[in-house]
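Colleague: Below, each chain spelled out in residue letters.
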Amino acid sequence: MLYQLEGSQAVARAVALCRPDVVCAYPISPQTHIIEALGALVKSDQLDAEFINADSEFSALSVSIGASAVGARAYTATASQGLLFMMEAVYNAAGLGLPIVMTLANRAIGAPINIWNDHSDAMSVRDSGWVQLFAETNQEAVDLHFLAFALAEELSVPVMVCVDGFILTHSIERVDLPEPEVVDALLPPFLPRQSLDPNDPVSIGAMVGPEAFTEVRYLAQVRLHQALDVIPRLGERHRSLLGRHAAQLIDGYELDDADVVVIAMGSVLGTIKDVVDDMRAEGHRIGALSITCFRPFPAAAVREALSRATRLVVVEKAFSIGYGGILSTDISLALRGLSTPIHEVIAGLGGRPVWADSLRGVFSDALAGTLVETTFLDLDRSLVDAELARMAATRRSGPPAENVLRDLADVGRSA
Amino acid sequence: MSIERTPVRFYQVGSFAVGNRLVEVERRSAQSDPGRANSLTSGHRACAGCGEALGARYALDAAMRASHHQLVAVNATGCLEVFSTPYPETSWRLPWLHSLFGNAAAVATGVAAGLRATGRGHVRVVAQGGDGGTADIGLGPLSGMFERNDDVLYICYDNEAYMNTGVQRSGTTPGAARTATTESVGEHPGNRFGQGKDLPRIAMAHEIPYVATATVADLFDLESKVERAMEIHGARYLHILVPCPLGWGSVSSDTVRLARLAHQTGLFPVFEARYGEVTSITPIRRPEPVESYLRLQKRFAHLFNREGEVADRATVALIQSHASHNITRYGLLGDSDD
Ligand SMILES: Cc1ncc(C[n+]2csc(CCOP(=O)(O)OP(=O)(O)O)c2C)c(N)n1
Ligand code: SF4
Ligand SMILES: [Mg+2]
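Protein chains in written order, with our numbering: chain X, 1 to 415; chain D, 1 to 338.
Simulated from the structure, these hints should not be mistaken for laboratory data.
Note that beta-carbon positions come from the ideal geometry of N, C-alpha and C, so glycine has one too.
A few chain X residues facing chain D, derived, Cβ under 8 Å: (1) Asp21; (2) Val22; (3) Cys24; (4) Glu50; (5) Ile52; (6) Val63; (7) Glu88; (8) Val202; (9) Ser203; (10) Gly205; (11) Ala206; (12) Val208.
Work out the full structure: start from the sequences and follow the hints.
Modeller: If you want it as structure tokens, here you go:
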């Protein structure tokens, strides 16, 4: 049925349709509306689940670990600092092979504290053993949750659905929520591989030494890689049951004859596709590739999709401080042996709007062969230079973030 | 596949360790029953005389009996977790989960919630950890579990330091005790005196249904407290003093003796509390000065001279004043109202 819903409400209802047994979370913007909505669904008996108000994110994921270990379907949601606060449990849930589903309402990581959207939270746990799926629209955010539970439980791996904070979580859009029977058909009952049961006692989480740690880790890699086969299969099934385009590992847009291909994750693809449309109308051979599944990285599919492109532009909402683009590093590994130039464009940090005009400028440079290797989109170089000059001139130059904002205010006054 | 339980074979008779099998049947301890669960079975790697190993077996066997073997245990990182488990040699004969050092209480909340949500609410949940996992790194999750009154019995095995990592100070290490991070050097003899973290009182401040303390010296008392705790639903807390021969520098055969002396000196008050109020105490029948407890432990050796006489009178007097304060506060010399 069609609804006009805030993204968080839509995600909450999608999660409820998946009938989680235990929902446990801790509030943080921009995830709060999701758990508030789930709490309300439990209170109003529309969702039969244990709803637990945790004392921290570390506890929230720990509660989920306990619930999942007894074979209950467990769900949590967080963002940014909350994800970092639960970090030890993030790795632990994956290491134990517990199929917990988490919504990550993507938000920047401080300092400086910033509540707005980028992908640095998701990138901080990319090596933890969770599947990471990125939603492009609110409809995709909804559908990815059905997929997430099915995938997690089939493979015994935790799955994180990344939904751009505010841009998706707080925007009201039309979404189609399936009938409960349809979701039940997509999501079979949870049959755990391991479960704490007094009638069949096992020890879970005991120590493993050097003699077998490599093998246990290797198995985690194998299990996660299986997602590369399972996601397309589940996607196919979702397509037939939901009657609409359903999640894939990657999603190409106007790729067939594209020379320049723009690669990105999440909601920014909406803007990118608009720009691609405009530029195509002017006769430019440009296309886009959406990476829906970031972990495991679908290297073979990416390589195949990009095989005929002559130039690549990776637009990313995070970067590895001290090196550069994270997604672009993965793309270049996937294209090992090919000589396609790859440009990284770091954009949308801490909620900075990613303007179509700015993207268009970058893409035009790429088409003209004049784009530099790394671009920080719409970076105000004068602010950076002023602070660098201050640091060179004075030892006690003060907090850099405050200096930049003072300069910005001055710029504003003089304008 | 359900677990096969072979009866325990006893080689001792009438000892405290097996709970005096000579008394009448109904007064016998769970430990004296050859059909006991033996939740933590032999073959683990604890040091000889480990109080924690003893306490865990006593407590879990009693909880297993009380729950008709419908029990799940969650364990924090620490000696108990490490010595009992390296795969594939687990000593646990009940469903057992180790997640992290600081999250046992929260994991147990999840276990209880998951069981309830999947129609297995009759299965009971115990969380257990050392003093470090409970008083320090895990205090937030523990307090959250108490405050929500989740249906979990949390057991802290207090050996008064981080033993698993080599005897460093914890929030429950007593004043003057030597640990690897509170060496006794010159003017600074061992751990400084502070209030410490009085975990049973912190638990009581949450006004949870049941809080109790016990030692491995009094098996009947320990078992009966576990049983009482298991009769109640909601958050429950049991704090067991478990001497650690390695960390305390004591003789392995003195573990039970030290636990008894901790009670008899007043240094470790043994009591029960309901909803934040003390409801019973275990009286001290034969009071002992703190020296007789301290003298048996190398962690307090700097307080004595070679002849075993008190050398640092001021410090010993301070420790004695702590013991006396406990005796007054809990009325430990009076009759038990239990
Ligand atoms: C987050 C984290 N910090 C530190 C450690 C290292 N560590 C493991 S066990 C332990 C001490 C355990 O002390 P306690 O809880 O008192 O248990 P005991 O070993 O004394 O029984 C420490 C510091 C860890 N495993 N995880
Ligand atoms: S160090 Fe102490 S607590 Fe650890 S196994 Fe040895 S005696 Fe037991
Ligand atoms: Mg300890």
